[in-house]
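Participant: One line per chain: the protein sequences are A and B, in this order. No gaps in the numbering here: position 239 of the first sequence is 239 in our numbering, and each next residue is one more. No gaps in the numbering here: position 23 of the second sequence is 23 in our numbering, and each next residue is one more.
These aren't lab readings, by the way, just hints derived from the structure by calculation. A virtual CB, placed ideally from N, CA and C, is assigned to each residue, including glycine. Do not take every clue at face value.
Using 35 angstroms as the maximum straight-line C-alpha spacing, the simulated DSBU-like pairs for lysine-lysine come out as follows [stated by the list, open to error]:
| # | chain 1 | residue 1 | chain 2 | residue 2 |
| --- | --- | --- | --- | --- |
| 1 | A | LYS50 | B | LYS248 |
| 2 | A | LYS427 | A | LYS189 |
| 3 | A | LYS176 | A | LYS296 |
| 4 | A | LYS331 | A | LYS302 |
| 5 | A | LYS434 | B | LYS248 |
| 6 | A | LYS198 | A | LYS175 |
| 7 | B | LYS248 | A | LYS85 |
| 8 | A | LYS38 | A | LYS175 |
| 9 | A | LYS427 | B | LYS248 |
| 10 | A | LYS428 | B | LYS248 |
| 11 | A | LYS175 | A | LYS43 |
Which residues of chain A face chain B? A partial, calculated answer using Cβ under 8 angstroms [as the list claims (entries may be wrong)]:
| # | residue |
| --- | --- |
| 12 | GLN84 |
| 13 | ASN91 |
| 14 | GLN110 |
| 15 | LYS210 |
| 16 | ILE411 |
For reference, the chains in residue letters:
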Amino acid sequence: MSETARSFTRRTFLATTAAAACSLGGTLPAFAEVNWKKYAGTKIGVNLIKSPRGEVLQKYEKEFTDLTGIQVSSEQTPEQQQRQKAVIELNSGSPSFDVVHISYHVQKRQFEKANWLADISGFMKNPELTDPTLTESDFSQAGLLYAKNPQGQMLSLPFSVDYWMVYWNKDLFAKKGLSYPQTFDEMVKAAEALTDSKEGTYGFVARGLKNANVPVWTSFLLGYGVDPVDANGNLMTDTPEAIEAARLYQRLLTKSAPQGVAGFNWSECQSAFLQGKIGLWLDGVGFAPPLEDPEKSRVVGKVGYGVMPRGPKAQASATFGDGIGVTAASKNKEAAFLYCQWAISKLMGARLLQAGGGVPFRPSILNDQDVRKGVKMPPAWIDAVVESGKISKLGLPVVQPVTEFRDIMGIALTNLISGGDPAAELKKATEQFKPILERSEKA
Amino acid sequence: MAMQDGPIAAIVEQHPKNVAEAAPVAGARPRSTYWPFVIPAVAVVGSVIVFPWGFTVWMSLHEWTVGGARRFSGLSNYARLASDERFIASVGHTLVYTFLAVVLPLIFGTLAALIFNARVPFRGVLRGLFVMPMMATPVAIALVWTMMFHPQLGVLNYLLSLIGIPPQSWVFNPATVIPSLVLVETWQWTPLVMLIVLGGLAAIPTEPYESAAIDGANAFQRFRYITLPMVAPFLMVAVIIRTIDALKSFDIIYAITQGGPGTASETINLYLYSVAFAYYDVGYGSAIAVVFFVLVIALSLLMLHLRQRTKWIDVQGGA
Numbered sequence: 001m002s003e004t005a006r007s008f009t010r011r012t013f014l015a016t017t018a019a020a021a022c023s024l025g026g027t028l029p030a031f032a033e034v035n036w037k038k039y040a041g042t043k044i045g046v047n048l049i050k051s052p053r054g055e056v057l058q059k060y061e062k063e064f065t066d067l068t069g070i071q072v073s074s075e076q077t078p079e080q081q082q083r084q085k086a087v088i089e090l091n092s093g094s095p096s097f098d099v100v101h102i103s104y105h106v107q108k109r110q111f112e113k114a115n116w117l118a119d120i121s122g123f124m125k126n127p128e129l130t131d132p133t134l135t136e137s138d139f140s141q142a143g144l145l146y147a148k149n150p151q152g153q154m155l156s157l158p159f160s161v162d163y164w165m166v167y168w169n170k171d172l173f174a175k176k177g178l179s180y181p182q183t184f185d186e187m188v189k190a191a192e193a194l195t196d197s198k199e200g201t202y203g204f205v206a207r208g209l210k211n212a213n214v215p216v217w218t219s220f221l222l223g224y225g226v227d228p229v230d231a232n233g234n235l236m237t238d239t240p241e242a243i244e245a246a247r248l249y250q251r252l253l254t255k256s257a258p259q260g261v262a263g264f265n266w267s268e269c270q271s272a273f274l275q276g277k278i279g280l281w282l283d284g285v286g287f288a289p290p291l292e293d294p295e296k297s298r299v300v301g302k303v304g305y306g307v308m309p310r311g312p313k314a315q316a317s318a319t320f321g322d323g324i325g326v327t328a329a330s331k332n333k334e335a336a337f338l339y340c341q342w343a344i345s346k347l348m349g350a351r352l353l354q355a356g357g358g359v360p361f362r363p364s365i366l367n368d369q370d371v372r373k374g375v376k377m378p379p380a381w382i383d384a385v386v387e388s389g390k391i392s393k394l395g396l397p398v399v400q401p402v403t404e405f406r407d408i409m410g411i412a413l414t415n416l417i418s419g420g421d422p423a424a425e426l427k428k429a430t431e432q433f434k435p436i437l438e439r440s441e442k443a
Numbered sequence: 001m002a003m004q005d006g007p008i009a010a011i012v013e014q015h016p017k018n019v020a021e022a023a024p025v026a027g028a029r030p031r032s033t034y035w036p037f038v039i040p041a042v043a044v045v046g047s048v049i050v051f052p053w054g055f056t057v058w059m060s061l062h063e064w065t066v067g068g069a070r071r072f073s074g075l076s077n078y079a080r081l082a083s084d085e086r087f088i089a090s091v092g093h094t095l096v097y098t099f100l101a102v103v104l105p106l107i108f109g110t111l112a113a114l115i116f117n118a119r120v121p122f123r124g125v126l127r128g129l130f131v132m133p134m135m136a137t138p139v140a141i142a143l144v145w146t147m148m149f150h151p152q153l154g155v156l157n158y159l160l161s162l163i164g165i166p167p168q169s170w171v172f173n174p175a176t177v178i179p180s181l182v183l184v185e186t187w188q189w190t191p192l193v194m195l196i197v198l199g200g201l202a203a204i205p206t207e208p209y210e211s212a213a214i215d216g217a218n219a220f221q222r223f224r225y226i227t228l229p230m231v232a233p234f235l236m237v238a239v240i241i242r243t244i245d246a247l248k249s250f251d252i253i254y255a256i257t258q259g260g261p262g263t264a265s266e267t268i269n270l271y272l273y274s275v276a277f278a279y280y281d282v283g284y285g286s287a288i289a290v291v292f293f294v295l296v297i298a299l300s301l302l303m304l305h306l307r308q309r310t311k312w313i314d315v316q317g318g319a
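Excised from the complex, chain A in its bound form (with noise of 0.2 angstroms):
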């Protein structure tokens, strides 16, 4: 990779594409149309997420000034801090970068209602400036609910999701003469089939955390064929269904779950799936990596990868993701633009899967047989990433307060875990949030 950074042309660029446009069936996209050099001396500045995501575009990124001529000054922030920073910067009218990394989960209304993302509707629709292969329909349903406002305007460009799936000891299933779980019913017996305190062997792990909780249970109340806030904004939160949900979360997480785990956030679940005691994990797929590395994971090899099971009412898997957009207040729009969509081609789309750092938004990059040869990860992996996208759906509700969302249900359900009582916990719960979001929607 680093010969081809080294390298890299227009030339190059184009003839990669070409590659891997051929491979899904021979047509030639007419992309030598697009004018990369328009902006050939402008200067950009690029605001992303300290993630895997972001180790990529900037490590290509002079792969992306050789293409255009654009010079790019990038920097990258960790997660939270980043999210602040982008926040008081937009707030200010005058931020210092034209290219913005976004958490769709957490910032896509805020950032919808402050117009802080430019309209790149027109972009791309322009041959000039975009490539004929970036089309609407090249991206999932999740990402495209994401990307767009409710006025249908294209805001961003969906570059990584994160479905929600299950990690599975194909071992200790197999002593106990088990398979993988169809159902919930089937999770819940599997689980508990596994447990085995005695052996310090555990059917299930899921985060416990308060605010990195509700992601499990949004996965659960997505199989009861309910949405935490339906489509004309009303909290569903307190629904029989998402009774249920937390009813099934309260008895995975304390008779399945490791002790502690009411603290747990991804990064303890990890480590405890890691040493080998622990049946089920539910999370997101990005975290595989560490799982087939021998000199972290004691379960190289053992692990399945399974779709989340189907629910009472529907089989869905919670779906996450990060977007790629340019500012409203940018004065180089079009080149910035023109990063955007080099940061989503296919290209980078094949490398950020091929390097396990996320997965990309576009089917025709996760069904190309030659990018998927590369994949670091079993093909077990892959598949259940392809068959997530094929039964994803928003795990969290698009609201501006959506932070409080996490904070406020995350508490209620740390308190299960307690011990607390699931329709009293989430009646309070959605008794406090309710304000909340009445509010952020009258500011």
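Let chain A serve as the given structure and place chain B on it in line with the hints.
Facilitator: Here is chain B on its own, set in the frame of chain A:
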């Protein structure tokens, strides 16, 4: 007395009243020439202390979310605080955490100072080792302790298992999270108290101990009636420093628990951070900051009052 006459006479001569009454000295500068020297200090204090506080109070009187409109709302943010269960709980957590994080290092630091004040072998080396936790970066400490606290993989439960004690949940259980965090705080800051008290012990004269020995006082009586009263001013300094430190504690709690499980270890600082920088509700966050400021000032005044009472009045002749 003859030795004091000279300095006292000089002080009387320099007293402002006497200076004011004295005839102007030829060549003395007018008052206006002093201002250029004062202005920088006034500007710095005004810009970095007075203005931010004034602005915080002003923000607290508004309903104001980043990205949204600002609307004057009077004292509504303060009224909201009174019924905010999470805020009220965070005040309780802050007080409990502060109390424990002051008292425990004080007890262990004093004991350590008494030990290191005695002529023990390798005293210098041991003192050096003992103060090492104080020099470490809080976030690095927090990450190491997080691993040590892990219920399944942590070394603490392994050590407990060696002596037959069942595994504990430490920071992963709402009931034990604050004591566990205080354990980290105590480990890190006991050396500071030890150093302060050690300084106090070094300043105690030997005569009272000699008199007590002649009067037949035992070791406990010497500690209770000589050491403790004489080291009390130093203990008060340690209490003040520790109280301020514990009240503003953020890094260790945030890095280890983020205020959890649930909100079991959420102090005012952590809640304030969430409101202002995660919920972007700067109006309400400012109201919390103002209330926290008042709480800190009240505790500081209480500490200063107590410090006045522990001064060496008899020893220093009525300071």
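Participant: Evaluate each hint against the coordinates.
Facilitator: Now the hints, each set against the structure:
Between the alpha carbons of LYS50 (chain A) and LYS248 (chain B) the distance comes to roughly 28 angstroms, so the proposed pair stays at or under 35 angstroms and holds. Between LYS427 (chain A) and LYS189 (chain A) the CA atoms are separated by roughly 28 angstroms; this keeps the pair inside 35 angstroms, and the hint holds. Restraint check: the Cα-Cα separation between LYS176 (chain A) and LYS296 (chain A) comes to about 26 angstroms, which is no more than 35 angstroms; the hinted pair holds. As the CA atoms of LYS331 (chain A) and LYS302 (chain A) are separated by approximately 52 angstroms, the hinted pair breaks the 35 angstroms bound.
Between the alpha carbons of LYS434 (chain A) and LYS248 (chain B) the distance comes to roughly 32 angstroms, so the proposed pair stays at or under 35 angstroms and holds. At most 35 angstroms may separate the alpha-carbon atoms for a hinted pair to count; LYS198 (chain A) and LYS175 (chain A) meet this at roughly 16 angstroms. Our distance criterion of 35 angstroms between C-alpha atoms is met by LYS248 (chain B) and LYS85 (chain A), whose separation comes to about 23 angstroms. For the suggested pair LYS38 (chain A) and LYS175 (chain A), the alpha carbons sit about 62 angstroms apart, so the restraint of at most 35 angstroms is broken.
About 34 angstroms separates the Cα atoms of LYS427 (chain A) and LYS248 (chain B), which keeps this hinted pair within 35 angstroms; it holds. With a CA separation close to 31 angstroms, the supplied pair LYS428 (chain A) and LYS248 (chain B) stays within the 35 angstroms bound. For the hint linking LYS175 (chain A) to LYS43 (chain A), the alpha-carbon distance of about 60 angstroms lies beyond 35 angstroms, and the restraint is violated. Checking GLN84 (chain A) against chain B by beta carbon gives a least distance of about 5 angstroms; that is within 8 angstroms, so the hint holds.
This hint holds: ASN91 (chain A) has a C-beta 5 angstroms from the nearest C-beta of chain B, less than the 8 angstroms allowed. Interface restraint check for GLN110 (chain A): the shortest CB-CB distance to chain B comes to about 6 angstroms, inside 8 angstroms, so the restraint holds. Given hint, LYS210 (chain A) at the interface with chain B, holds; its Cβ is 5 angstroms from that chain's nearest Cβ, closer than 8 angstroms. Interface restraint check: ILE411 (chain A) against chain B, minimum CB-CB distance 5 angstroms, threshold 8 angstroms, status holds.
Hint check: violations occur at hints 4, 8, 11; the rest are consistent with the structure.
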